[in-house]
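**Q** Single-letter residue listing:
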Amino acid sequence: MTVALSGQEIADKLDKQFPGSIVESSQDSLVVNSEFLLRVATFLKDTPELDFSYLTAITAVDYYDYFEVVYRLTSMEHNHRLVVKTRCCERVNPTLPSVVSLWRGADFQEREIYDLMGISFDGHPNLKRLFLWQGFKGHPLRRDYW
Amino acid sequence: MKFERYGIGIAKGMAVTFRHLFRKPVTTQYPEERLTVSRRTRGNELIWDKERCSGCTTCAQSCPQGTIEIVTSGNGAVTAPCSQACPAGVNIPRYARFIADGKPAEAVAVIREKIPFPSVCGHVCVHPCEAKCQRAQLDEAIDIRVLKRFATEHDTGLWKVNSKVAPATGKRVAIIGSGPAGLTAAYYLAKLGHSVTVFEALPEPGGMMRVGIPDYRLSKDILRAEIEEIKDVGVEIKTNTRVDSIDRLLEQGYNAIFLAIGAHQGIRMGIEGEDSPGVMECVSFLRDVSLGREVKVGSRVAVIGGGNAAIDSARTALRLGAKEVTILYRRTQVEMPANPEEVEAALAEGVKIYFLAAPSRIISQDGELQLECIRMQLGAIDASGRRRPEPIKGSEFTMSFDNVIAAIGQRPEIPDKFGLPIGRGNTIQADPDTLATDREGIFAGGDVVTGPASVIEAIADGRQVAISIDKYLGGEGIIEETLAPPEAGATPLKKTREGWRPQISTLSLSQRLSSFAEVELGLSEEMAVKEAKRCLKCDLAYGVDKFEVDIGYCIFCGLCVEACPRNALFMGYDYERARYRRGELVMAKEDLLLSDEKQPSGYARPKVEAALPQQTLLLDRAEYLDKVKKRWDLRLPFGL
Amino acid sequence: MAIKTEPFVLNLGPVHPSTHGVFRMRTTLDGEVVVDMEPVFGYLHRGIEKLAEERTYTGVIPLTDRLDYLASMSNTLAYVLAVEKLAGITVPERAEYLRVIMAELQRIASHLIAVGAFLNDCGAFMTPILYMIREREKILDLFDMVCGQRLTYNYMRVGGVSHDIPDEFLPALDKFVNRMPGFIDEYDQLLKKNEILLVRAKGVGILPKEMAINISAGGPVLRGSGVKWDIRKADPYSVYDRFEFDIPTGTVGDCYDRYRVRIEEMRQSVRIIKQAMEQLPSGAVKSEVPHLIRPPVGEAYAHIEAPKGELGFYLVSDNSIAPYRCAIRAPSLINLTALCDMVKGWKVADAIATFGSIDICMGEVDR
Amino acid sequence: MTIVETSLGPGGRLAALPPDWPGGYWWHWLVFVVIILIFVVVMVMAFIYMERRGLGRLQARLGPNRAGPLGILQPVADAIKVLLKEDIIPAKGDKLVHWLAPVVAFVPALMIFAVIPFQDGALLVDLNIGILYIVAISSVATVGVFMAGWASNNKFSLLGAMRDVAQVVSYEIPLVLSIAGVVLVAGSLSMNEIVEAQSVPFILLQPLGFLIFFMAACAEVNRTPFDLLEAESEIVAGFHTEYSGMKFALFYLVEYTEVLALSAIITTLFLSGWRGPLLPPFLWFLIKVVAVFFLIFWVRSTIPRLRIDQVMAFAWKCLLPLALINLFITGLEIVALPEGLPWFLILVNIAIMVVLVVLWSGFFKLGGGRVEV
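Line by line, the protein sequences are chains E, X, S and W.
With my numbering as the guide, the letters of the first sequence map in order to residues 1 to 146.
With my numbering as the guide, the letters of the second sequence map in order to residues 1001 to 1640.
With my numbering as the guide, the letters of the third sequence map in order to residues 2001 to 2367.
With my numbering as the guide, the letters of the fourth sequence map in order to residues 3001 to 3373.
Everything labelled a hint here was simulated from the structure, so no lab data went into it.
Idealized CB from N, CA, C, for every residue including glycine.
Treat the hints with caution; some may be incorrect.
Unchecked claim - Coverage of chain X stretches by chain S, computed from C-beta distances (three or more under 8 Å per stretch; other residues unrestricted):
#: 1; stretch: 1012-1023
#: 2; stretch: 1056-1064
#: 3; stretch: 1549-1562
Stated by the list, open to error - Using 30 Å as the maximum straight-line C-alpha spacing, the simulated BS3-like pairs for lysine-lysine come out as follows:
#: 4; chain 1: E; residue 1: 85; chain 2: E; residue 2: 137
#: 5; chain 1: S; residue 1: 2175; chain 2: S; residue 2: 2286
#: 6; chain 1: S; residue 1: 2344; chain 2: E; residue 2: 128
#: 7; chain 1: S; residue 1: 2050; chain 2: E; residue 2: 85
#: 8; chain 1: X; residue 1: 1012; chain 2: S; residue 2: 2286
#: 9; chain 1: S; residue 1: 2085; chain 2: E; residue 2: 13
#: 10; chain 1: S; residue 1: 2004; chain 2: W; residue 2: 3317
#: 11; chain 1: E; residue 1: 45; chain 2: S; residue 2: 2233
#: 12; chain 1: E; residue 1: 85; chain 2: E; residue 2: 16
#: 13; chain 1: S; residue 1: 2193; chain 2: W; residue 2: 3365
#: 14; chain 1: W; residue 1: 3317; chain 2: S; residue 2: 2193
#: 15; chain 1: E; residue 1: 137; chain 2: S; residue 2: 2050
#: 16; chain 1: S; residue 1: 2050; chain 2: X; residue 2: 1012
#: 17; chain 1: X; residue 1: 1132; chain 2: X; residue 2: 1050
#: 18; chain 1: S; residue 1: 2175; chain 2: S; residue 2: 2193
#: 19; chain 1: X; residue 1: 1393; chain 2: X; residue 2: 1352
#: 20; chain 1: S; residue 1: 2209; chain 2: E; residue 2: 45
#: 21; chain 1: W; residue 1: 3155; chain 2: X; residue 2: 1012
#: 22; chain 1: S; residue 1: 2192; chain 2: X; residue 2: 1024
#: 23; chain 1: S; residue 1: 2202; chain 2: W; residue 2: 3155
#: 24; chain 1: X; residue 1: 1012; chain 2: W; residue 2: 3081
#: 25; chain 1: W; residue 1: 3317; chain 2: S; residue 2: 2344
#: 26; chain 1: X; residue 1: 1220; chain 2: X; residue 2: 1160
#: 27; chain 1: X; residue 1: 1220; chain 2: X; residue 2: 1231
#: 28; chain 1: X; residue 1: 1220; chain 2: X; residue 2: 1164
#: 29; chain 1: E; residue 1: 85; chain 2: S; residue 2: 2228
#: 30; chain 1: E; residue 1: 45; chain 2: S; residue 2: 2286
Unchecked claim - Calculated Cβ distances over 10 Å to all of chain S for the following chain X residues:
#: 31; residue: 1071
#: 32; residue: 1130
#: 33; residue: 1136
#: 34; residue: 1232
#: 35; residue: 1274
#: 36; residue: 1354
#: 37; residue: 1388
#: 38; residue: 1396
#: 39; residue: 1413
#: 40; residue: 1478
Using the sequences and the hints given, assemble the complete structure.
**A** Structural data, given as structure tokens:
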């Protein structure tokens, strides 16, 4: 059974490592400050006993007053998984650090989020629209897109 | 890259294809290769049946493509699902509308058209109607029982105006037992003009309503008022008269006799030490309490059993001063026959329930009862549809109580002089439709036939017996009457907003235990009106003016067919009937020729006639097709 | 002395016989050798995630059929598991077993198309794909018996399955399950040791193990590179923990390994179906679920092992009758991440063969 | 008229014609031209039908059965359909070359039949350099294909055409070498004499020669496993992507005529042409042609396609050396036994073939395929 690591445990570990990086943590997920995202991600990927080498999915959800990007990480050796979330509040041009350098699988998923949700990822090799054509104005998956 | 084993792999592959030369080619040209049509057909034709459709717009709501457009005009005729579920057939949406318009008197008139005990049902009915309420699909069912209670509490007796009593017919009917079945039959037979006498063994009429149901659920004066109404119609009730033999009654010149004895005998547990002092039987216990006789109860009381009777005994024991009441039930809470609300109320009042426990022995030691029980486990499903409990060897445990009440079931107590065939559970066997027994002129109904059941079912039996006795005595057997004024201008529901059931206020815990006052307080005026407005008026919504499906958008997903509660929508799956001519098929075998019984199919070129293609409708609801008078033909020319 | 050649751009474009739907590869070729390849998506983008936000929870089910139209039964299964996790609905035993049988049948059907298309891209003129389509036709007949449709089944519901199987389903399924291993052996004899296929597929389009994990590939692509990871074993959903089956893995991660992994998986699926048929209990097929499901506020993520990889549905609910957000993790899109590296340097023919071996379905990629 | 007489060539072969032939040279020429035309058209139609039905059966399906009884008229239906189709010429394409390409491709395919002996002596003109004429003519067709590829102004067609030229050129040499083997044994270039020399069919005497010739010829004619030319999965339809209507019909005809020519050549060179025990010689010829054609489309239905660099490597590294060795061995045999080859030589040759094939397949490599970019 893939054990879902509880958000609090990992939160305490991370707090010791990067003080102030945890915004909020609940039983099944863990919200990280967007500045610390890259460092936390590298820490999660490299430490041997966590070893999150497999990024299952990245999804973005629009909660009107902030965007929430959900990273689902899985480790194949220890067969456990973790949900890491980050929030960005500006609606005009929200930006987040890109994790493509750690997991190549994030490449298309970040381009899709940029295309449909409008969150740009700095550090992404070629951040272009994935599905819609270049000239398309607006980001359809936003709640206020009509 | 070495080119090892040169040619052998290729040769093997060639062998496979060569072998296929001599095999029968697989093609859809051969109809019998095609498997049968699935039961849930989903083809290219949507058939809608006007009669069955109740215009409740669930299909339009469920269609993901929004292709169904439905306009209802509201002059419907078919009964609503809740009215269908009520054994007595009370027209629930109609009286809910009266309450919504603030006319409780008319509402009681509508209820009284079907049942003579509106306020009793308002208090204790098991409400099978709420299970069928369509509002449950949206959020939660309407609380129909409490609405009935609200109407009866604000009744001004408007129904009496149209209530007529027919002139005397000179026929005399004897009814044994004044329970809900007996009194309902008496009421209707009296209204039809027969002179009715009811014989009741107990000092007070009302049967189970009087002695079975404790005061905190149904107060006695409400029952007495309703029985008074029945007496006004001309029913003569003789209490404290036990009838031993039917023949003596027949000699006294009664033309028809109705046995409505009910099920007043508690079933014995059949374990050792059952007769020791302090062990009581629930029916007699409840009877003594409700008749006001003095009943002493120790501080620790055990109740054996899981039905309504057990819960009532437990809560009555609490009110009689028992400190600690425990119920032992041999199955689990899911299988408990008691009403879920009753079980919660009992738990709220501090009753402890041990599940999967059954008594094996009672030892009486100096005024105290040692109850030895055994742990049970659930095995295979038995005849009653519940899982049979089997004892676990060596899991006995003993508890000490002052009193033990056995409430494991009731059965009718029939004196053998009646000379009637006795069925399972000591019940009388009667014809299910007319409730007539084998002996001429003798009818039987209520718990005595069905075994312990709810009040509303007994009332329904009473109505049925009234009809069959009237027919037996030469009348037409019509007991329908219209008491309520006709309804003007009721419009079906346009848009419904989300709204949940009201919270019914109840007595606080301390007040409950101190007395037998009624636990559940009624609804306030505006709460009742708000609740009545939530009703979806299913009976009114019929009379569909326009039903259109935009075939262009429809993706034939079949969700509307499933959502329709009245099975008015279904889809036909048609194979194009392909015409095979002998010459057309090179490999044609004889059986390929189109024959009626064989099911032709396949994706061959459909023979397109001038009008629509000839389609074999393989509907398992074929018998339904001929009933569909106006066929709503939604088919576009397929494949043109 | 290298001949001075000038690379030119060739669009193995949206309309091309072997791009499995509207997928476009802007390849810059130097003669026959692929110098660079850039995938272009979006030709089949219908905005299913936006559409899902306007439909009731039951109304979204027909949408899921149109995601990976070669395996629509598994899409519905993933979505339905997510809703049940969100709303806390229990599913009767019989429905669980029926779902497993349908999902495994759908896996065989999807793999048949995948392997057939791959062999067709390698040049075997239509023969393997026609044999495999003959088997797939039997599976489609079984689905036709169960839910009346051959492509968009719309069979599973929240809380179970929409209808019980007709009585003639089990005998037909039994006949199919007994004859299927024989057919699989026939495919093997046809092309497994064929020297030309070995030359065309072995060592072509290699996806090393670390890169497979790094690009979070899934399904046969991941297992082809030697990673033993299968959601049915790692995180068993529904009743998969009651069956024994093993997970085939490749060694090098080239087109041939992926082809062999798919063939072996078909055999394992037949094994699972056999066991499921024996343990199929009787009883209800759908638990009591109101038509307008209204799950409590919250979110849930459920994933299954779809034929093409890990298919996940992430549902966020705000206690209304429509999902607030319905995000889909599409395995085909993520498996394509490394297509550019796997294809660079090979010939055009190999680019097509590698693309065929990854087996994507555009409905799921573009959503 | 004198020029014509002299063109009869030395030794007056014509005189040896059976006496019942009416009229002189011109009549003979006319009759045979008509025979060849009818033979080609009918046999091509028959081949199209057989291939489509045969492939159907090999792939466990029915095959065309709608047009006419048993689907016999399917080729006619195809022809009519293709003729009625609009004939599009790509805008920026080279108009003249686009129009001329099918002609240049079709004419040589038809001219090959001039030297095919249908019956003893029954051939349009018994050139004493028959085989050389065939090899020369067949390479002209490639020019037509390349013209088509170039004129369509379509990247796919250009790729297809380049592949075809590369393939035909590199398979010409093993083809000719294997023919040389046959000529050595038969002792003459003329097709008729080759057939007469085949008391023992050369397929037994020259097994390796037959194998090489068959594969090289398949490559010439772009048949699986070398059908790189119109590899529908890679370059859509190769050189005839931009063709439709009448010109497409001609290319379709070219393909089948070349296959017909190929199977005819194989029957004359290796299966002893029209010689056979009971049946009339013409019928034997037909049976053998159809048998070879069955082998060709049977191979087509099973085997996947090779990559272009593998095709090249196979030609230069595998077929060419084998053909040389085969020629060398045949030469030795001729020198050692001048008066005619005894029958036990068949076993020797087959043994040599097996040894050579196994040895060579172990030694020979097809090349990696990945180029560092």
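**Q** Could you check the structure against the hints above and give me the numbers of any it violates, in ascending order?
**A** 8, 16, 21, 24, 30, 33
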